[in-house]
Amino acid sequence: MSTQYTELQLDALRELANIGSGTASTALSGMLGRSVDISVPNAQALPFADAVDATGDAESEMTGIVLGIQGDMGGTVLLLIAPSDADAICRMLGLEPGDEYAVSALGEIGNIVGASYINALASMTGMELEPTPPATATDMLGSIVTSVLATAALTGDVALLLDSNLVVEGEDCSISFLLVPDQGGVDELLSRLGLS
Amino acid sequence: MAAAETMVRMGELAVSRVPGHVLVSLGLGSCIGLALIDRKMGIAGLAHIVLPQSQGHAHENPRKFADLAVPEMLAELEQIGARRIRLEAVLVGGASMFAVSSAGLEVGQRNEAAVRELLLKERIPVVAAATGGSKGRTVRVDVARSAVTVREAGGKHTELLLGGGMMAVAA
Chain A
1 MSTQYTELQL DALRELANIG SGTASTALSG MLGRSVDISV PNAQALPFAD AVDATGDAES
61 EMTGIVLGIQ GDMGGTVLLL IAPSDADAIC RMLGLEPGDE YAVSALGEIG NIVGASYINA
121 LASMTGMELE PTPPATATDM LGSIVTSVLA TAALTGDVAL LLDSNLVVEG EDCSISFLLV
181 PDQGGVDELL SRLGLS
Chain B
197 MAAAETMVRM GELAVSRVPG HVLVSLGLGS CIGLALIDRK MGIAGLAHIV LPQSQGHAHE
257 NPRKFADLAV PEMLAELEQI GARRIRLEAV LVGGASMFAV SSAGLEVGQR NEAAVRELLL
317 KERIPVVAAA TGGSKGRTVR VDVARSAVTV REAGGKHTEL LLGGGMMAVA A
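Taken in sequence, the protein lines are chains A and B. Start counting the first sequence at 1; every next residue gets the next number (the numbering used here). Start counting the second sequence at 197; every next residue gets the next number (the numbering used here).
These are calculated hints, taken from the structure and not from any lab test. Positions of the beta carbon are idealized from the N, C-alpha and C atoms, including for glycine. Check the hints yourself; a few may be wrong.
To be verified - Using C-beta positions, here's what the derived DEER-type ranges look like: (1) A:101 <-> B:216: 16 to 24 Å; (2) A:92 <-> B:267: 26 to 34 Å; (3) B:280 <-> A:104: 21 to 29 Å; (4) A:7 <-> B:249: 45 to 53 Å; (5) A:196 <-> B:214: 43 to 51 Å; (6) A:15 <-> B:250: 34 to 42 Å; (7) B:316 <-> A:26: 22 to 30 Å; (8) B:319 <-> A:54: 34 to 42 Å; (9) A:15 <-> B:280: 52 to 60 Å; (10) B:321 <-> A:61: 33 to 41 Å; (11) A:19 <-> B:250: 47 to 55 Å; (12) A:72 <-> B:358: 48 to 56 Å; (13) A:92 <-> B:271: 51 to 59 Å.
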């Protein structure tokens, strides 16, 4: 098993993403004091260039918060927030968008949401997974996504994208979520699910 | 900008001698956009390099690695009439998008170093560069004009290599 996944495997990964983002939405909801819905997650195994295209317009401005995953499965979790949505989240927290507290608050949101996603994955699969501290960048979407994928590019040509959306109720505001396991990480994930 | 833009996406490369053609890599982060240009012939190539070394990984797509992409691009350029001795290089990208993070994300600097070393070995001069830092960049290579422009997020296009023999070095 190297680059191609069966429908059954993708279904299982989608379900993992679903539960992971469900846990993450609860964490976000607690922080914002609003209810947060999740979209049906997507699981796609795509060649890198197509994976980048699948995330959206490469030149659009986006805030990305990245957390590494260490332990039984290597990988990266990337949260993407459009600038207007990032501003909306800051206002919900009572912060002025753009000031230094707002930037660190966004990083902290990413940290808590991303870490709860990773913890959910860990408890579902029985793996030891540790999130690394978050790093934040606001820049072109393409430059953020390619830089994250580059870390997975050495050992494979296909990126597994597990993405879902967290939508804050009553606000036109969402966070999308990308889990990019390293090549060996996907195999590990599938074998824990009994689907390797 | 000319209408005929060819997207050179992550791990891809393209060469052209068609007047009006523009080779484009959108949103380079830690990746390097390497443009090689033969002004006399109006030939240019652009590679969107992801990692410095293949380290023996034999993959479907060798073009994502600097050590395999550069020889491949040289061969393709020569095939359409470029001369190696006339080639000039322009480098764009190699940023560290996420400043405070694990060592694994310092790929940008390693990419640039690897590409520069390969070019030195081939005796191809780097005539302009916009590399490093923490901002993403888009690069456009106008084939017939031998012109290279770069743009950062929210910014304007800046001429990095002017068509017609003049040079400007940024960053």
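| request: Run the structure past the numbered hints and jot down the numbers of the failing ones, going up. | output: 1, 2, 3, 4, 7, 11
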